[in-house]
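In the order they appear, the protein sequences are chains A and B.
Following the numbering used here, the numbering of the first sequence begins with 32 at its first residue and continues without gaps.
Following the numbering used here, the numbering of the second sequence begins with 659 at its first residue and continues without gaps.
FYI, nobody ran anything at the bench for these hints, they're computed from the structure.
Positions of the beta carbon are idealized from the N, C-alpha and C atoms, including for glycine.
Treat the hints with care, as some may be off.
[To be verified] Only pairs whose alpha carbons sit at most 30 Å apart, straight line, appear in this in silico DSBU-like list of lysine-lysine:
| id | chain 1 | residue 1 | chain 2 | residue 2 |
| --- | --- | --- | --- | --- |
| 1 | A | K381 | B | K707 |
| 2 | A | K222 | A | K325 |
| 3 | A | K325 | B | K740 |
| 4 | B | K941 | A | K237 |
| 5 | A | K189 | A | K222 |
| 6 | B | K1134 | A | K38 |
[To be verified] Which stretches of chain A does chain B cover? Using the computed rule of at least three CB atoms under 8 Å from a CB of chain B, they are:
| id | stretch |
| --- | --- |
| 7 | 39 to 53 |
| 8 | 97 to 110 |
| 9 | 114 to 127 |
| 10 | 243 to 251 |
| 11 | 302 to 313 |
| 12 | 425 to 438 |
| 13 | 502 to 514 |
[To be verified] Pairwise CB distance ranges, derived in the manner of DEER restraints:
| id | chain 1 | residue 1 | chain 2 | residue 2 | range |
| --- | --- | --- | --- | --- | --- |
| 14 | A | S192 | B | E786 | 29 to 35 Å |
| 15 | A | E205 | B | K844 | 50 to 56 Å |
| 16 | A | Q167 | B | K936 | 49 to 55 Å |
| 17 | A | K117 | B | T1015 | 37 to 43 Å |
| 18 | B | K844 | A | E333 | 39 to 45 Å |
| 19 | A | K302 | B | F900 | 56 to 62 Å |
| 20 | A | K263 | B | F900 | 22 to 28 Å |
| 21 | B | A851 | A | Q361 | 33 to 39 Å |
| 22 | A | D476 | B | K1157 | 45 to 51 Å |
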Amino acid sequence: MKQSTYKVRDIAGKLAKGFLHNPLTPILGAFLLIIGYISLEIMPREEDPQISVSGGTIIVPMPGASPREIENIIVNPLERKLREIKGIEHIYGIAMDNVGVVNVMYYIGEDRQAANQNLYDKVFQHMDEFPKGAMQPLIKPFDVDIDIPIMGITFYKKDGSNIADIELFKVVREIQQELNRIEDVSKTEIKGGKKEQYNIEVDLGKLSGYHLSMGQIVQALKALAVDVPDVKGRTQENKLVIFGVKNAIESIRDVENLIVAQYMGSPIYLKNIATITDGTDIQNFKSVEITHRKEKRFSPLEDAVTLTLGKLAGANAVVIANEVKEKMEQFRPKLEKMGISYSITRDYGKRANDAVNELVDHILITIVIISIMLVFFLGWKESLIVTFTVPAILAITLFIAYLSGQTINRITLFAFLLSLGLLVDAAIIVIENIHRHLHSHDAVDKSLDEIMVEATDEIGAPTNIATLAIILTMVPMAFVGGMMGQFMKPIPANVPVALVASLIVAYIFTPYLGRRLLKKIKMHHHQHHWQKDQAKEEGGTQ
Amino acid sequence: MKKFEQFIFGILGSSSKQWLVILLTLVALAASVMMLPTKIVLAKMLPGKSANTYSIYIHTPTASSVEQTRQVAQCVVGYLQKENEVTDTEVYLGQGAPLDYAGLVKGSAFKNSENEAEIVVNLTDKHEREEPSFMMVHRLRPTIKTNCEAIVPGTVIEMIEQPAGPPTLASVVAEIYGRNYENLYKLSQKIAAIFKKTDGLVDINIMADDPYMKFELIPNSDKISRSGLSVEQVNNILYLAFEGMVVAHKNSKNYPDQIGLFVRLSDKTRRLRDHSRKALETKLASLKLMNQKGMLVPVNEIVDIREVPASPTLMQKELRRMINVTAETDLVSQVYPLLDAREKIMNELAKQYKIETTDYLFNLRLTDKKTGEVFDLKWDGEMKVTLDTFRDLGAAFIAALILIFLLLVVYYKNFTISGIVLAGSFLSIIGVIVGHWVADLVTEHTFFLTATSLIGFIALMGISSRNSLLLIDFAKALMVEKGFDKQHAIAVASATRAKPIMLTAIAIILGSALLASDPIFGGLGVALISGTVAAVIVSLIFIPVLMYRAKAMDFKPEESDA
Chain A
32 MKQSTYKVRD IAGKLAKGFL HNPLTPILGA FLLIIGYISL EIMPREEDPQ
82 ISVSGGTIIV PMPGASPREI ENIIVNPLER KLREIKGIEH IYGIAMDNVG
132 VVNVMYYIGE DRQAANQNLY DKVFQHMDEF PKGAMQPLIK PFDVDIDIPI
182 MGITFYKKDG SNIADIELFK VVREIQQELN RIEDVSKTEI KGGKKEQYNI
232 EVDLGKLSGY HLSMGQIVQA LKALAVDVPD VKGRTQENKL VIFGVKNAIE
282 SIRDVENLIV AQYMGSPIYL KNIATITDGT DIQNFKSVEI THRKEKRFSP
332 LEDAVTLTLG KLAGANAVVI ANEVKEKMEQ FRPKLEKMGI SYSITRDYGK
382 RANDAVNELV DHILITIVII SIMLVFFLGW KESLIVTFTV PAILAITLFI
432 AYLSGQTINR ITLFAFLLSL GLLVDAAIIV IENIHRHLHS HDAVDKSLDE
482 IMVEATDEIG APTNIATLAI ILTMVPMAFV GGMMGQFMKP IPANVPVALV
532 ASLIVAYIFT PYLGRRLLKK IKMHHHQHHW QKDQAKEEGG TQ
Chain B
659 MKKFEQFIFG ILGSSSKQWL VILLTLVALA ASVMMLPTKI VLAKMLPGKS
709 ANTYSIYIHT PTASSVEQTR QVAQCVVGYL QKENEVTDTE VYLGQGAPLD
759 YAGLVKGSAF KNSENEAEIV VNLTDKHERE EPSFMMVHRL RPTIKTNCEA
809 IVPGTVIEMI EQPAGPPTLA SVVAEIYGRN YENLYKLSQK IAAIFKKTDG
859 LVDINIMADD PYMKFELIPN SDKISRSGLS VEQVNNILYL AFEGMVVAHK
909 NSKNYPDQIG LFVRLSDKTR RLRDHSRKAL ETKLASLKLM NQKGMLVPVN
959 EIVDIREVPA SPTLMQKELR RMINVTAETD LVSQVYPLLD AREKIMNELA
1009 KQYKIETTDY LFNLRLTDKK TGEVFDLKWD GEMKVTLDTF RDLGAAFIAA
1059 LILIFLLLVV YYKNFTISGI VLAGSFLSII GVIVGHWVAD LVTEHTFFLT
1109 ATSLIGFIAL MGISSRNSLL LIDFAKALMV EKGFDKQHAI AVASATRAKP
1159 IMLTAIAIIL GSALLASDPI FGGLGVALIS GTVAAVIVSL IFIPVLMYRA
1209 KAMDFKPEES DA
């Protein structure tokens, strides 16, 4: 092969020349595709990107105080103190009967750990300034990742099943324990659970009939339900003898037969003045009800219990959801036997997977469309070369996104789709120039290698500058503030990476593949009237 | 290609044709930009997103019982059960549903009262369903609201859709600040009434306690101490009798939690005959307390009963007392109803208040003409996020322009050429706006200019500057290396670069075609497609004219290199 006479000017030409005959080039290509595929599979999937919102709630109960009092003596001083913390965007104060609440929102992007720490410090430093009668303040920092559950499972009784509410709650509690063991599951919560409780409903009429007051009943009950720790007695040989008083309430009968007072010499049992039931917490007004489709009709609203599961930040929602569903399938026969059915009423894992798969499909379809278009304009071999570069570029971008701890979500893939139109450009420009050089009439005088390097190098400088220009347009987007800025972050984070990758891939692989797939056209002079050549003649005559 | 070359050559040859091109471009620019203020193209932060679920929030008036709230919820569920696409529905009474993005900022987690309920509606998969969830909400909203809100007067039902982007408290939030709570509440009612009259605003809610009457029991300390009782005892027994208390616990071996012993009056004897002072007095007469001597004293003898308005919950933001009036929008952008409502506020409240505009674009200050009391009205919610986002994206856009300009100056070492490239890039805005107008014409729903459209536009800047760059570079090379004259070099460059410019443009158009059908990224897709078309036309016709007219493009052939 004769020595190339073309002097390489640009990084494009250098890359093209360096990799044109390097045996590692195909290996590098295969390697890129493999790491890209692995990244796609193992990167955590989510529907929406993580927005780090820091903030917290401070709750100060003060029984018996009116809203105006609370506002003056709790909310206002607390708010003033919190103003001293740097980085707080909004402070909301709520003064209600008996309780004051202050919500704090930090600026988006504030360090969560430090923000929470500041909040605790500020409140506890001023503990002594809280008014008399105020109870210990409660500080609850909030965390989007942990607080928003990704799964919701609603349990309800099957038709004709007579399982008690309490039994249902107990079963759900057991399942909660089981599911909480799954890796990366963080916070689990039960809504609509009914706790067991002995309800003592006193009849007001009978109360006055027997000449009793509510206070006497309370005292009698308190006296009965005493738990004392076991007593350690000793024998004369210094051996321990352990004995203890058994809790007097073993069943509902013990409560019923409690003697509240004596009336005219005969004892008054609790059952004489009250109905006592082993029931659920009737004072709890919160409940959950479900109606679901059965064939064509809906079941009527019925009591239900919802178990929700959250995940740790950065964990893969899809994997967790699948594992939960698998576990639930294992429980199903046992639950059926007990007369319990369940529906999965929230599944962010599936949503994330659907959203991701849909966008991946879109990307694939788009690649196919573009390659078909190129077949018409450039020829099938050229089209094949460009089509190869796309997965290679995406693979590099995905891998870098994975390394930088990002997740695959709607916005990341959106960034890919956005860059798709841009990142084939470099390859198209290179291949078009190679194509033009191969077809130009001075091609006969040059070796194939030389044409590849020269064609790549020629458009290197303007392509670099143009790509840099596009990257520059993306950079300011990283400084968009607020929630929206956080939400869009994957765009300025990934598009520039994809563009740089597109340049490198175009300069390395396009000439390499072109060298192997494309051939010089057997040229007869003036068969092709390329404007350049023709113009030269015309330009010369003017 | 030859024809195109001659076409460009022709334009460059005649000064009047050049001016015609420049004039046409400027007219197109002006016409397209005018589409924004004339509302031919509407702006919104993010369009609705079809989801497989949505929520319905029910707020019955502040002192409503959970039974009343349940009644309203049952009514709503009744309508949902008639829907074919609903798979299941969960009602969370007295509490918020499991937290989601929308609930996070709407305070779902803090709901803990008898007058609140949330309903979660799960639908069939959106791919197998014809009606998008936002259309379903739009269709059901009037039916549900007219029929179910009437059950308990004063009820507000909100239909909450999954946000497409970051969640906000509501589409439109008017924060009203003032010192005196009563006057503040009156003003917020007036604002809410104006919102109700404004087209496009729905689910109007005043985020404050509804005023209600309560009975205050005033302990007569004289009588209490004479009958050997204490105020604390009175409080405790009243609470125990009507609310009930867990007075003791039983530990259980075979149950995860302790079992409480709960004491309360029985349902039958606890209830009052009706909502009146008399009924309360009668009930209290039969409830007796025991004093130290073992004598029973009826409660009504030691307290005086008075009916007073309940003191409402007080809200503050940034240390100022505030009431929020919120509203959602129904399929429309929140920008225009908000401006409407603002207009109405300025007209209708002008009699009573002196109204002036304050700092942030649309905010108002109302001064009571009689008392001189000052109220501030600030817009928050999606409106503020939209303004902030558009402002930030606008700044990002300008920053991008400056960065590109500097880059080009570094590359060409010339301001004029850099200016030409920049002008060409900016003109793609014609395509973006016209594209949205066309998209709005051909689609069923309103097609908004959204934040994603702006992102598309910013990306386009780079793309179209690339076209101009390649063109200028090529023409320069022709002049310097091949010794072409200016007119010819530009015409040839345009024709030669036409193919790769078209190719990359087609790649972008095809690449964005699928985006255009996406509800959220549609704006971006349309912006890229139509903007690219405009960019191609601009860079192949307008840019050559500018290049020709620019003195900076006079390159001398390098004799040594030729």
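Status of each hint after checking the structure:
no., hint, result
1, A:K381 - B:K707, "holds, 17 Å"
2, A:K222 - A:K325, "holds, 24 Å"
3, A:K325 - B:K740, "holds, 13 Å"
4, B:K941 - A:K237, "holds, 14 Å"
5, A:K189 - A:K222, "holds, 19 Å"
6, B:K1134 - A:K38, "holds, 20 Å"
7, 39 to 53, "violated (count 0)"
8, 97 to 110, "holds (count 8)"
9, 114 to 127, "holds (count 8)"
10, 243 to 251, "holds (count 7)"
11, 302 to 313, "holds (count 4)"
12, 425 to 438, "violated (count 0)"
13, 502 to 514, "holds (count 12)"
14, A:S192 - B:E786: 29 to 35 Å, "holds, 31 Å"
15, A:E205 - B:K844: 50 to 56 Å, "holds, 54 Å"
16, A:Q167 - B:K936: 49 to 55 Å, "violated, 42 Å"
17, A:K117 - B:T1015: 37 to 43 Å, "violated, 31 Å"
18, B:K844 - A:E333: 39 to 45 Å, "holds, 44 Å"
19, A:K302 - B:F900: 56 to 62 Å, "violated, 22 Å"
20, A:K263 - B:F900: 22 to 28 Å, "violated, 45 Å"
21, B:A851 - A:Q361: 33 to 39 Å, "violated, 57 Å"
22, A:D476 - B:K1157: 45 to 51 Å, "violated, 24 Å"
Checked against the numbered hints given earlier, this structure breaks hints 7, 12, 16, 17, 19, 20, 21, 22; the rest are met.
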